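Engineer: Each chain, written out:
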Amino acid sequence: MPRFHFDIHEDSRLIPDEDGQNFANVEVARKEAMLTGASIAREAFLAGSADHVVVDVREDEHTPCLKISITLEVEELADD
Amino acid sequence: MPSDTIRAALIRRLRVSSAITDEDIKEIEALPISVRQYPAEMAVVRDGERATDCCLIVDGFCARSKTIASGKRQILSLHIPGEIPDLMSLFLHVMDHDLSTLTPATLGFISHDNLQKLHRRSPEVAEMFWRDTLTDAAMFREWIVNVGQRPAPARLAHVMIELRERLRLIGRLDGDSFEMPLTQEQIGEALGITAVHANRVIKQVRQDGIVEFNRGRVTVLDERKFQELADFDGRYLHQSPTL
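Residue numbers (numbering that gives the first Met the number 0), protein chains in the order written: chain A, 0 to 79; chain B, 0 to 242.
Excised from the complex, chain B in its bound form (with noise of 0.2 angstroms):
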């Protein structure tokens, strides 16, 4: 795979949201990415493994997720191409959740040594990944509210458009559509209801001519009140380096 197409998604992003630099860009095209491929709903690297490099989502969706004693599963985050959901791994040495796939995914890793050279050489980079792990703890607050406050309409329209401003900075809306290649179990697992729950909960909305969830695509069929129901301020995402 060439060596551009990797990191593509990347710096896209982080053009965006962090006024990257062309000597930085550099510096990321420089850095060596092994890459793999990954089958739907695999794991990368599960709770309490020792992770040794952070992966780098090349193509797929990813989501990380922590279960407990009784089996039941909380999806705390989903991770599209262009970001590097483990990049904690680089200083917290023992991964305390799983992060694995939910489609197929071509993933980059990046060794840890490399990335701990890289920073110690360029301070710029080191910020740019150190304001991409804060992000990562404000979506998570985001997501903690979702949970505990908002009706499960909310909650599932909230993800929606959450996923669909991060898919936007990387260039993958199709017009009033987008990805989110979620089972309905997968679903009820994000938004902490059962999948029963989550199917009467995209019927809702389709009923009431919200946004329609069909074969793991979103199309939204009525924007202001997609918004009204989501009640969603995406500031938390700081998509801009002035935010």
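Next comes chain A alone, as it looks inside the complex (with noise of 0.2 angstroms):
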């Protein structure tokens, strides 16, 4: 089974997953990708600590073979 990394960046900071999982394929661990990222991405949103999160996805020590990105948007709108 292939070990993939997840390395998450909020904002500017980088947090490197030194450990990795193992998954089935490239479809499971892009969903877990998704599921970190969202689950990351909501809890740093709601804080206030971070505007964009991005999980880049690696197996081993190869570039990443996926990158999913999630930003805030908060438009204020002029009531007229």
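Hints are supplied without guarantee of correctness; some may be wrong.
DSS-like, lysine-lysine: derived pairs with alpha carbons at most 25 angstroms apart [said to hold, decoys possible]: (1) B:224 with A:30; (2) B:224 with B:202; (3) A:66 with B:71; (4) B:202 with A:30.
Think of the hints as simulated: they come from the structure by calculation, not from any bench.
Note that this is a predicted model, so its numbers are computed, not measured.
Starting from two chains that each stand alone, build the complex the way the hints lay out.
Structural biologist: Below, the structure written as structure tokens:
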């Protein structure tokens, strides 16, 4: 089973994933990355600690094979 | 294994939380218990199985969990020595979740038949075990609140403080540190987040100087911040007969 690492960027802060996890294939890893990105983004957006979360998925020491990017956009609308 | 070692943590816990009498202790000491060793991460009783005995944790850590169709697992509760995590199987005959070990464990099995006889002979002991299962339900309520409402770092801190307060009762604290033998994946399963998110939360609480988690041990760095983050009120553990 291939081993995938999920490096997290919250704005400019990088949290590398040294350990990694085994997944059957890249499709399963993609779902896990989405779940991770959405869950970290939810926390970061609510806490106001970041408004851009990126999950870079890589197999072992290879360059990333997948990038998931989530951005918060809040627009205040004029009341007229 | 000597009989008093098998029952030591159970009796210690009941003494503090349930005002157990010497007579009740004699009844529990007379209860036949068959001891078996289990490796780590091994099922003790599975969802859908019919249980014929209840399992007392003599040593080691266990967890109860439920796995959904997609294969994702939710850890429902953590269990430590002196607890009987499947006591409800005495009345609810078919398991509706899994009980498994987290670490290598020494487990003592008490037959339903013997427990029923004890309950009929001693209503005081029966009440004590009833209270035990009610406290169990109170912990589940707290875990629903935890997973449903608290941000992830607070969830982690809450689960940690709960475990610490239960370990305190059986004398298993070691200064500012205590055992929490879970992998990052298992912590994720207890908090309802992925292993990678759990890893991120563990790093954050360490960077914030609150608590350190390393190789299955928790070390508190700042008690005040830890309490504040966890939003912990231990009443739901009912660790005194007056609560």
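Engineer: Hey, residue 66 of chain A versus residue 71 of chain B, does the alpha-carbon distance stay inside 25 angstroms?
Structural biologist: 23 angstroms, holds
Engineer: Run the distance test for residue 202 of chain B versus residue 30 of chain A: straight-line Cα separation, threshold 25 angstroms.
Structural biologist: 23 angstroms, holds
Engineer: Quick one, are residue 224 of chain B and residue 202 of chain B close enough, alpha carbons at most 25 angstroms?
Structural biologist: 16 angstroms, holds
Engineer: Is the straight-line distance between the alpha-carbon of residue 224 of chain B and that of residue 30 of chain A 25 angstroms or less?
Structural biologist: It is violated: about 34 angstroms lies between the C-alpha atoms, which goes past 25 angstroms.
When held up to the earlier numbered hints, the structure conflicts with hint 1 and nothing else.
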